[in-house]
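Peer 1: The residues making up each chain are set out below.
2 protein chains.
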Amino acid sequence: MNNFTYYAPTKVFFGKGVNDSVGNFMREQNAQKVLLLYGGGSVKRSGLLDKLTEQLRSAGIEYTLLGGVEPNPKVGFVRDAAKLCKEQGVDFILAVGGGSVIDTAKCASFSAACDADPWDIITMKVPAEKRIPVAVVLTIAAAGSEMSNSQVISNPDIMVKQGLTSDFSRPVAAFMDPEITYTVSKYQTGCGIVDIMMHTMERYYTSGDTGTYLTDRIAQALLLSVKEAGAVAVEHPEDYDARATLMWASSLSHNGLTNCGKNYSGLVVHKLEHGLSGVFDNVAHGAGLSVIYPAWAKYVYKYDIPKFSSMAYNVWGISKDTEPSKAALDGVDAMRQYFASIGMPVTLHELGVYPDSFEKIADVITSGGAKSVASYIPLTKDVIMEIFHIAE
Amino acid sequence: MNNFTYYAPTKVFFGKGVNDSVGNFMREQNAQKVLLLYGGGSVKRSGLLDKLTEQLRSAGIEYTLLGGVEPNPKVGFVRDAAKLCKEQGVDFILAVGGGSVIDTAKCASFSAACDADPWDIITMKVPAEKRIPVAVVLTIAAAGSEMSNSQVISNPDIMVKQGLTSDFSRPVAAFMDPEITYTVSKYQTGCGIVDIMMHTMERYYTSGDTGTYLTDRIAQALLLSVKEAGAVAVEHPEDYDARATLMWASSLSHNGLTNCGKNYSGLVVHKLEHGLSGVFDNVAHGAGLSVIYPAWAKYVYKYDIPKFSSMAYNVWGISKDTEPSKAALDGVDAMRQYFASIGMPVTLHELGVYPDSFEKIADVITSGGAKSVASYIPLTKDVIMEIFHIAE
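Respectively, the protein sequence lines represent chains A and B. Going by my numbering, the letters in the first sequence line up with residues -14 to 377, in that order. Going by my numbering, the letters in the second sequence line up with residues -14 to 377, in that order.
Worth flagging that the hints you see were computed from the coordinates, not collected in a lab. The reader is advised that the hints may include incorrect statements.
Output of the computed footprint for chain A on chain B, the stretches with three or more beta carbons under 8 Å from beta carbons of chain A [what the hints assert, rightly or not]:
1. -8 to -2
2. 227 to 236
With a Cα cut of at most 30 Å, we get these calculated BS3-like pairs of lysine-lysine [what the hints assert, rightly or not]:
3. B:Lys292 to A:Lys305
4. B:Lys283 to B:Lys345
5. A:Lys292 to B:Lys292
6. A:Lys305 to B:Lys311
7. B:Lys212 to A:Lys212
8. A:Lys356 to A:Lys292
9. A:Lys18 to B:Lys115
10. A:Lys(-4) to B:Lys(-4)
11. A:Lys212 to B:Lys292
12. A:Lys1 to B:Lys292
13. B:Lys1 to B:Lys171
14. A:Lys212 to B:Lys305
15. A:Lys(-4) to B:Lys115
16. A:Lys115 to B:Lys(-4)
17. A:Lys(-4) to B:Lys110
18. A:Lys292 to B:Lys305
19. A:Lys305 to B:Lys212
20. B:Lys18 to A:Lys115
21. B:Lys305 to A:Lys305
22. B:Lys305 to A:Lys311
23. A:Lys292 to B:Lys1
24. A:Lys115 to B:Lys115
25. B:Lys212 to A:Lys292
26. A:Lys110 to B:Lys(-4)
Covered by chain B, according to a simulated footprint, are these stretches of chain A (three or more residues, beta-carbon under 8 Å) [unchecked claim]:
27. -11 to 2
28. 223 to 236
Beta carbons: idealized from backbone N, C-alpha and C, even for Gly.
When you get a sec, could you build the whole thing from the sequences and use the hints?
Peer 2: See the structure below:
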């Protein structure tokens, strides 16, 4: 087992009605001026935004609203948000939404507090040493950003999605009411399920681990539960326990629990997907992962039969009588079928991405072939294009 | 799934050599005057105490040493520790040891900061609103107090062990080097294994849960791993991965993770054991649990066949062909055999506790029959005595 640091200080308020206590919490935190950040109009239509601003008013806390965060959040918007924070003396950011809103909040929090351009923060030209505290009202179970130490921002000018990891970016608190997610569409629910699973699998499939059976079993416990809850939630969007399981799993999958002691140095397949959605902005992150992950797995499973077969037996329902290398591959197929069964795309074709774009995406990921992505083997430009062909 | 709050802010530094960075951490925390609290002489003999004081000196931090914390820590000692903190202006407590030392540190931290008698804090006559921060250098995998929100203190004058639960008592940081535990005796290792398992099982076996399969599977993942690691550690005390698994499991079993969403209102069987070791101070906590838990399970398993049988199938190796109610009971027997196999007592006789004391212990637990302990059914004085007879 490798050495590790585990630090997940976010205070989670989970369950029905917890969003009613946001105002009290902000008052306890001595918030004076809050930036209330959100995405599209759904939080307005649902009445959530009114509920939150009413609480802030009752608590005597000033606030500024800023809506319009897009999926694959853009550095330009972060810049605007940071500017607003500085102009208005914001001392607390309340992110109301999912991963895109939370990541925008995290990055703006650093940019404003450090008085630096957000792209310089994301690319670590300027160290993220100061921040405005961030709290989250979560509206979708997916990214896990509500407890995570990472944020991913897109720079459309250079078609790059870039992530920054820092324990300092973990939100102070997260309010999670599963009932809020009843109205999340089947497609977005599916994207979330894939994203949650991928955050756990990316930590599970690491080479050279020894003695990490506690962490690996927790990962499988999480994946099996998400598989079951996901199948229920896409059919019965108002099943509370299914929605609650997905929501809590979204946090646990990305807060560090599932890589304790492992040879984990960051997400791998996410990098391929970031290349894809960096070039094709209309590709939802979860949908991109749903297509690429099974193709990646089909390419690399042979380098780690023990882990791939264990996953097949314990999560994907492959009979323990099946010989390990066959079971490993059968497990990958079962995962792909599961994604399809919850309405997710499993081919690049379904995303409108065709072979004539593969080289361009692979160039973005590998800086024109100069770099590779570390996995069981180095994923070079050629290997990445081969993986895209498997996903064709 | 029930509503819950999850808050586990302790920063964990885990692995080989992490105790070398305690001094730097204390400096970063701006500690000026540290109380270094410990138990017996083993931390002196091992050189750990010298290593830590050397680091504090190098970091320019003053410190005071206080050794002598006993198992089942006593309120009188806590009083002395709190007095010392006040007299010397201590602003950080470093607990070097296991559960007894950490619990003493937590309670002294409240007592000194709130300027109140520790027994008034423990019995909640005085609210635990202020504290001196506590960090931990863990030397044994057992109590889980290094990340927990609880502390248990004994008052020998009235033969009572009393616990207090408050999120505010969670340590700021925990340094956990599994190699430190290589010298823990087979018996103490066994006591720790039982204590870790019990912290998880006490959260698992709660009545009226719905939709908690994610949490329940994490609990089973933890228990199966502890079972395996425990069997290795008692035979091969210097097996790093086994020792590391036990150490990390000790924290996860008691930091709140395994009761998220569950109908959990506190430890049950622990209350019976606290009665036992309140009357018989020479009974180690883990040894008492090893005897009482299987007896309790044998009495109540019929009220929750689904959970007891699932545990039997997934953790205790009972064949899935076995009919659930038989599997449930077989699982309890397998647990009891496992405890015996790692050198733990499984009868009260082995602890030197005979039937002529049963009523006295049951009186302590139930305040002379006036109260009962809430479990699947109310554990009245008569029921508790019946459980003791099963454990006879």
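Peer 1: Does each hint hold? Answer for all of them.
Peer 2: Hint-by-hint comparison with the structure:
1. -8 to -2: holds (count 6)
2. 227 to 236: Since three or more residues must qualify, the claim that chain A covers the region 227 to 236 of chain B holds, with 5 doing so at under 8 Å.
3. B:Lys292 to A:Lys305: holds, 24 Å
4. B:Lys283 to B:Lys345: Given that 30 Å is the threshold and the Cα spacing comes to 22 Å, the pair holds.
5. A:Lys292 to B:Lys292: Distance of about 28 Å is within 30 Å: holds.
6. A:Lys305 to B:Lys311: Cα-Cα ~24 Å, so holds.
7. B:Lys212 to A:Lys212: holds, 27 Å
8. A:Lys356 to A:Lys292: holds, 27 Å
9. A:Lys18 to B:Lys115: holds, 27 Å
10. A:Lys(-4) to B:Lys(-4): holds, 14 Å
11. A:Lys212 to B:Lys292: Roughly 21 Å between the alpha carbons, so the hint for A:Lys212 and B:Lys292 holds.
12. A:Lys1 to B:Lys292: Holds. A:Lys1 to B:Lys292 sits at ~25 Å (cutoff 30 Å).
13. B:Lys1 to B:Lys171: holds, 21 Å
14. A:Lys212 to B:Lys305: holds, 22 Å
15. A:Lys(-4) to B:Lys115: With a Cα-Cα distance of about 19 Å, the restraint between A:Lys(-4) and B:Lys115 holds, given a limit of 30 Å.
16. A:Lys115 to B:Lys(-4): Cα-Cα ~19 Å, so holds.
17. A:Lys(-4) to B:Lys110: holds, 27 Å
18. A:Lys292 to B:Lys305: The given pair, whose Cα atoms are some 24 Å apart, holds under the 30 Å limit.
19. A:Lys305 to B:Lys212: holds, 22 Å
20. B:Lys18 to A:Lys115: holds, 27 Å
21. B:Lys305 to A:Lys305: Measuring from Cα to Cα gives roughly 14 Å; hence the hint holds.
22. B:Lys305 to A:Lys311: It holds: about 24 Å lies between the C-alpha atoms, which stays within 30 Å.
23. A:Lys292 to B:Lys1: This hinted pair holds, its Cα atoms lying about 25 Å apart.
24. A:Lys115 to B:Lys115: Within the cut-off at roughly 27 Å; holds.
25. B:Lys212 to A:Lys292: Holds: B:Lys212 and A:Lys292 sit about 21 Å apart, inside 30 Å.
26. A:Lys110 to B:Lys(-4): holds, 27 Å
27. -11 to 2: It holds: at least three residues are needed, and the region -11 to 2 of chain A offers 13 whose Cβ sits within less than 8 Å of chain B.
28. 223 to 236: holds (count 7)
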